[in-house]
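**Student:** Next come the chains, spelled out residue by residue.
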Amino acid sequence: MIRSSLSPPQVEVSQPSLGVDYVISAGPLDLVGLLSHAHHPAAGAVVLFSGEVRDHNKGREVAYLEYETYRPLAVKMIHEILAEAREKWGLRTAIAQHRIGRLSIGESAVVVITAAAHRREAYEANQHIIHRIKHEVPIWKCEYFSDGTHQWGNNCNC
Amino acid sequence: MIRSSLSPPQVEVSQPSLGVDYVISAGPLDLVGLLSHAHHPAAGAVVLFSGEVRDHNKGREVAYLEYETYRPLAVKMIHEILAEAREKWGLRTAIAQHRIGRLSIGESAVVVITAAAHRREAYEANQHIIHRIKHEVPIWKCEYFSDGTHQWGNNCNC
Amino acid sequence: MRIHVYATLKDYFSPEFELEAVARNTDELKQRLLDINGQAGQLLDSCRFAVEDGFIDNQYKLKENDTVIIIPPSSGG
Amino acid sequence: MRIHVYATLKDYFSPEFELEAVARNTDELKQRLLDINGQAGQLLDSCRFAVEDGFIDNQYKLKENDTVIIIPPSSGG
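Protein chains in written order, with the numbering used here: chain A, 1 to 158; chain B, 1 to 158; chain C, 1 to 77; chain D, 1 to 77.
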């Protein structure tokens, strides 16, 4: 039996001022607002990643996307991923937010922001966090194509 | 003899709407404004790096920094670095801006933004561009410490 | 036992439904789901199971009033 | 010949000055600069030279009306 403890999750909230549930958003991601939380007087390097909706995927024209999530587990897992990265790379800031619902071309589906004393750590941690969010967290993408068909994603293509 | 052709430089302007000289700025860097130029319908990944002034360096308390540049060569070199990265990684966007003059703790000294179809290219190109700007472009940092002394930087510490 | 499925699993099952048959662990639950739709076998093999905010494996003893979440491979980002 | 120096070189030379002595290439220019301040040798060995927006090496024939830029190691970012 490996079921973990009941909610509320006992993991560190990476940015207290943002609240626990900020990591999943039903509305447009506020990159600028999130970036304003990232600056830290001891951090010489801030890295922001934004995963955005492309107009084509595997040769097909994309009309829009929809994301859905199993929120209780997704929120807990993202906080755990951020806390582990914060510890491993000595980050001053670790923020992630994933959008759900319907997204148009060019909109941001996910943002990850890291800040560290030096840039190597900020880049490495940022890549690690987005990789884990894409592959481990219960969030699913459905692509709606211009020809009227749709397809649930089952592997990463960004 | 290896002197290259006279100005104006014949290199590609990476973001025409920003103008040639945008790569060196005497005023605060507008990360948000620059980021707004980065989004592209064919780009699934946008990476922004901001190098910011830390309050400590090598155990000493930093009061502020000053950067100076030899502008004609710095502008040309940054555009060349961006054009090469754009070509090598198939970037949709490649933007860089370095600030000069006096900077306070927490202010951004340099920003690099890359956008590509997939995230690996956006991260790699971003790291490559900031590495080359720091090590090759004629821009120099002078650290002013809280004890009243100052020191010209001669190697990278971010 | 209540079942919630997500994403591509909704092409095979209702998003939420009550499972009347007994399933004492995830292996038995998988079999009950195949009884409903035999075509979901390959997909179910790639799925994880959760109760509340924790993953469960086959050692976890399912209870009558559990709500089991069936989680296909992630495709966020 | 006009000389512009930057950054830590300003601890050894005026930021901009007129060099009266003849220097036909960068090796000779380096020697003339050492004549002005002998302590700058190690630093000058790590410097690059430029005219307008291009680097020059010792093959470049310096002209009387050139403005030579002396560029210490970069430390941007």
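Hints in this document: simulated from the structure, not taken from any laboratory.
A portion of the hints provided could be inaccurate.
In silico negatives: residues of chain A with every beta carbon more than 10 Å from chain B [to be verified]: (1) 40; (2) 55; (3) 60; (4) 106.
No farther apart than 27 Å at their CA atoms in a straight line, the calculated lysine-lysine pairs in the BS3-like style are these [unchecked claim]: (5) A:58 x C:10; (6) A:58 x B:88; (7) D:61 x B:58; (8) A:88 x B:88.
All values reported here derive from a predicted model rather than from experimental measurement.
All residues carry an ideal CB built from backbone N, CA and C; glycine is no exception.
**Student:** Hint by hint, note whether the structure agrees.
**Tutor:** Against the structure, the hints come out as follows:
1. Residue 40 of chain A, annotated as away from the interface, has a beta carbon of chain B within 10 Å; the closest lies near 8 Å.
2. Not every CB of chain B lies more than 10 Å from the CB of residue 55 of chain A, the least distance being 4 Å, so the non-interface label is violated.
3. Every C-beta of chain B lies more than 10 Å from that of residue 60 of chain A, the closest at about 13 Å, which supports listing it as non-interface.
4. Against chain B, the non-interface label of residue 106 of chain A is violated: not every CB pair exceeds 10 Å, the least being about 5 Å.
5. Using a Cα cut-off of 27 Å, the hinted pair residue 58 of chain A and residue 10 of chain C holds, with the two alpha carbons roughly 24 Å apart.
6. With a C-alpha separation of about 21 Å, the suggested pairing of residue 58 of chain A with residue 88 of chain B holds against the 27 Å cut-off.
7. Between the alpha carbons of residue 61 of chain D and residue 58 of chain B the distance comes to roughly 42 Å, so the proposed pair goes past 27 Å and is violated.
8. With a CA separation close to 32 Å, the supplied pair residue 88 of chain A and residue 88 of chain B exceeds the 27 Å bound.
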